[in-house]
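**Q** These are the residues of each chain, in order.
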Amino acid sequence: MTVLPASIDDTISLLASQDYICGRDLGTVAFLSLKLGKPLFLEGEAGVGKTEIARALSAALGRRLIRLQCYEGLDASSAIYEWNFAAQMVAIRTAEATGQTDRAELQAELFSDDFLIRRPLLQALEPQPGGPPVLLIDELDRTDEPFEAFLLELLSDFQVTIPELGTIRADAPPIVILTSNRTREVHDALKRRCLYHWVDYPGFQRELSILRARVPEATDKLSSEIVAFVQSLRGEDLFKSPGVAESIDWARALVALDAVALSPELVTDTVGALLKYQDDIARIAGAETTRLLDQAKAQLMATG
Amino acid sequence: MAGGQTRSAPQGRLAENIVHFARALRKAGVKLGTAQVETAIRAVEVAGFTRRADFYYILRATMITRADDLTIFHQVFAMFWRDPEFIESLLHLLSHKTRDDKPPAPKPAAHRRAADAMGEMPDREPPDLPEREEVEQEALLSWSDNAVLRRMDFEQMSAAELTEAEAAIRRLTLPVSPKLTRRMHPEPHGAKPDPRATLRASLRRGGEIGRIARKSRLRRPPDLVAICDISGSMSVYSRLLMRFLHALAHNPQRQWGRVSAFTFGTQLTNVTRALRQRDPDEALAAIGSEADDWQGGTRIGDAIERFNKDWSRRVLGSDAVVLLITDGLERGDAAHLASQMQRLSLSARRLIWLNPLLRYDGFAPRAGGVRAILPHVHSLHACHSLDSLGALSDALAEPGLRDTLLRQL
Chain C
1 MTVLPASIDD TISLLASQDY ICGRDLGTVA FLSLKLGKPL FLEGEAGVGK TEIARALSAA
61 LGRRLIRLQC YEGLDASSAI YEWNFAAQMV AIRTAEATGQ TDRAELQAEL FSDDFLIRRP
121 LLQALEPQPG GPPVLLIDEL DRTDEPFEAF LLELLSDFQV TIPELGTIRA DAPPIVILTS
181 NRTREVHDAL KRRCLYHWVD YPGFQRELSI LRARVPEATD KLSSEIVAFV QSLRGEDLFK
241 SPGVAESIDW ARALVALDAV ALSPELVTDT VGALLKYQDD IARIAGAETT RLLDQAKAQL
301 MATG
Chain L
1 MAGGQTRSAP QGRLAENIVH FARALRKAGV KLGTAQVETA IRAVEVAGFT RRADFYYILR
61 ATMITRADDL TIFHQVFAMF WRDPEFIESL LHLLSHKTRD DKPPAPKPAA HRRAADAMGE
121 MPDREPPDLP EREEVEQEAL LSWSDNAVLR RMDFEQMSAA ELTEAEAAIR RLTLPVSPKL
181 TRRMHPEPHG AKPDPRATLR ASLRRGGEIG RIARKSRLRR PPDLVAICDI SGSMSVYSRL
241 LMRFLHALAH NPQRQWGRVS AFTFGTQLTN VTRALRQRDP DEALAAIGSE ADDWQGGTRI
301 GDAIERFNKD WSRRVLGSDA VVLLITDGLE RGDAAHLASQ MQRLSLSARR LIWLNPLLRY
361 DGFAPRAGGV RAILPHVHSL HACHSLDSLG ALSDALAEPG LRDTLLRQL
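Top to bottom, those sequences are chains C and L. Be aware that the first sequence starts at 1, since it is given in the working numbering, and climbs by one per residue. Be aware that the second sequence starts at 1, since it is given in the working numbering, and climbs by one per residue.
There's no promise every hint is true.
[Claimed, not checked] Derived SDA-like pairs (lysine to any residue); straight-line CA-CA distance at most 20 angstroms:
(1) LYS192/L <-> ALA76/C
(2) LYS215/L <-> PRO186/L
(3) LYS309/L <-> GLU72/C
(4) LYS221/C <-> GLN107/C
(5) LYS309/L <-> ASP237/C
(6) LYS215/L <-> ASP237/C
(7) LYS192/L <-> GLN295/C
(8) LYS31/L <-> MET79/L
The hints are simulated quantities; they were obtained by calculation from the structure and are not laboratory data.
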């Protein structure tokens, strides 16, 4: 079991060892979350690395990553636990066949630990090899409000209550990370139990370091041109600005095409990796691409 | 926050200052609980502080829970930790000032209804109908494209109006079916067997299965998003429409899921929070001051574009129905309006257009804006009367005029 980082700087370098380059703000929040044992609530646009931090933390600390992908209609039976009905039925028939008739005894047997199917949230409360796991509750805004209520007990006391069994409590609380794309507002009651952080698009230098760590095959010139272009694209009034994940995808696409520098034709051919809405692609097509590219290159020259 | 002050446990002054800081934040409008303040103090204790930036991030992570509050936090932090006393004295000063030279007090909400109930005549003239008609003609024939920033003072609601609003909303049925969710609920003749319920019932009989319990998918009312034009050409309807929106948001029979409302003239304003006030007078007053482009020009295309970019992903996420209330008199580019309407129509479950101009016989889709919007809406209805919400509800229940008008294009 790896020891938890002792300071903010340790946390940042721990994440950097997994090629996750974060700013001091995110580093501070991550450190506090580990130290205080509080869930971390990350909100931000799609593709800014909210999910990725959970992966990086679990890999760096050598903990198991348990992921719960949220969707509308997610309920306790697929998030926390379910009873194994088929096995219970067999047990009933067996009891009948052997002439066991004591109801209380049967009930205790049927709703025992053996027939319990553990879903991600329950798994996260149980001891795991390597220490308490990292629990990632991804895209919380996709569920409906009733599900948030399930989470309240889990996030404040790290326990869940199963009517037939009683309360199950974690010996060592898991490291919980929740993410949201903010397609709807998550309830305050839930956010208050967490440390909140708004993940923004990174600045030029940080995005460049991210790209260098993630796509080392790209030449320095190409990486900085990519970052400059993407950054100026974010200044445009687009329906969906490209995130860091898109920059990385784009860089990989360009490397696959053996590109060493950006040209308007190259951008037009590969822009699908960067922009995912037809309006946006139409908007920057043609002369606009050239203008943005020139602007990006001029900026690079200016900063040296 | 000097560099020498490292790793000191936040005793005495610092903890106290954090509490004061939390109070300053609360005064600035940030919702902040005592538990969060406690977490903040503990967090500072754990992390220690060697840098001002860390201290900033620590307080932000523990005290802020909404992205909208980040700017307020930044401002208050910058002011407070430069000089904690400064902001206190400032707030003190401000609160004194407002207490001293108060403007003549506005009538408390529900004043008029209280007066109605006491049998007192409401202190306004009965509406002079011919005159209103005249005003309306003038408004309908002209529209402006200059951005006029104006606030709106609504008259208070009478008790009769309130009863009418409730009755109208109760009768209101938009041509939309409820939404099937992925959640299940027990139902005797449901589509799927429910093993868990079956087993639980059987245990009561010692393992004998008497009846197979069934379940089916839960239906839930769709969410509703109203986008309402408050420009000059719509001004005669605004009181009626805001009343309509308020009644919708507080629908007595829960026919709707979440209701969000937006107003636009020259800019788009989200008035959902203002609408949430239970009291209609307070809500109307809040809307009147929140949106400040009343009776200005109309740029429908730009407003819809802003909605598409900033809000559609947040409020149309779960298949919402959009109610667009406008006369379609657009001063901007019709092609731009058409493309934005198309996007709106593609992201909404159903797009219903409510057009007050339709109540005139011989309305023909000639205006450029109308021609741009019409192909993209799913149905089109009229608002029949200036004064009655009931007429609005009835109009929505009637089959839409979209197809008839579309043929005339």
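**Q** Does ASP237/C sit within 20 angstroms of LYS309/L, going by the straight-line distance between their CA atoms?
**A** holds (9 angstroms)
**Q** Is the Cα-Cα distance between LYS31/L and MET79/L 20 angstroms or less?
**A** Satisfied, since the Cα-Cα distance of roughly 19 angstroms is no more than 20 angstroms.
**Q** Given the hint that LYS309/L pairs with GLU72/C, test it: the Cα-Cα distance must not exceed 20 angstroms.
**A** violated (23 angstroms)
**Q** Against the 20 angstroms threshold, does the CA-CA distance of LYS215/L and ASP237/C hold or violate the hint?
**A** violated (47 angstroms)
**Q** Are the Cα positions of LYS221/C and GLN107/C separated by 20 angstroms at most?
**A** Violated, because 69 angstroms separates the two Cα atoms, which is more than 20 angstroms.
**Q** Check whether the Cα positions of LYS215/L and PRO186/L lie no farther apart than 20 angstroms.
**A** holds (4 angstroms)
**Q** Keeping to a limit of 20 angstroms between CA atoms, is the pair of LYS192/L and GLN295/C held or broken?
**A** violated (60 angstroms)
**Q** Does LYS192/L pair with ALA76/C here, judged by a C-alpha cut-off of 20 angstroms?
**A** The hint holds at about 18 angstroms.
Hint compliance for this structure: hints 3, 4, 6 and 7 are broken, all remaining hints hold.
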